[in-house]
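Engineer: Sequence:
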Amino acid sequence: MTQVLEPQQSRLLSKQFMLAGILLGMGFAGFFDGIVLHQILQWHHMLSSVRPMTNMSDVKVHSVADGLFHLADYGLTIAGVTLLWRSHLQDQLPKSSQPLIGLILFGAGLFNTIEGFIDHEILGIHHVHSGTHYLLWDIGFLMFGIGLIIAGLKLLDRWKNAPESML
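Numbered per this note's numbering, the sequence shown spans residues 1 to 167.
FYI, nobody ran anything at the bench for these hints, they're computed from the structure.
Here a beta-carbon is modelled for each residue, glycine too, at the ideal position from N, C-alpha and C.
Heads up, a few of these hints could be off.
Unchecked claim - Computed beta-carbon distance windows for the label pairs:
#1 Ile-139 <-> Ala-79: 23 to 33 Å
#2 Ala-79 <-> Arg-11: 19 to 29 Å
#3 Gln-42 <-> Leu-12: 37 to 47 Å
#4 Met-53 <-> Arg-86: 37 to 47 Å
#5 Pro-52 <-> Glu-121: 36 to 46 Å
Taking the hints into account, I'd like the entire structure generated from these sequences.
Structural biologist: Rendered as structure tokens:
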């Protein structure tokens, strides 16, 4: 006799756990942006479009602005870790890592989409990669953020509807 495996319909995540994953994703995305795009590739800094780096004073201003950006990333990450730990203490963690990974992807995409739209398009304080095709880089960055959001939601949906034996 073949056993029919039904998806688990009652898988619920606590708001605390969900917020933890989203904040971790936002913090990780900010660190990736700051470390890879600002420091390693040096494509832009927080104020690249409003204050070009022409002397040491400008370099210091950019360093402080980037440092404040990193400080915000630390805050998001610490808040996420704290909420994740509280979820653990309250026995609110799912048995699978899929929901956490999905929420992290969602949070990273949310961060990139919001930061990209506000900083690149509305305020114009910097672009992903300056030059003649800066708008294409900005649009690509926004599309990448939206892709992360979709990937995170799909992973959460797959976990929610997976049979218990598949977890």
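Engineer: Failing hints, ascending?
Structural biologist: Of the numbered hints given earlier, the structure breaks just one, which is hint 5.
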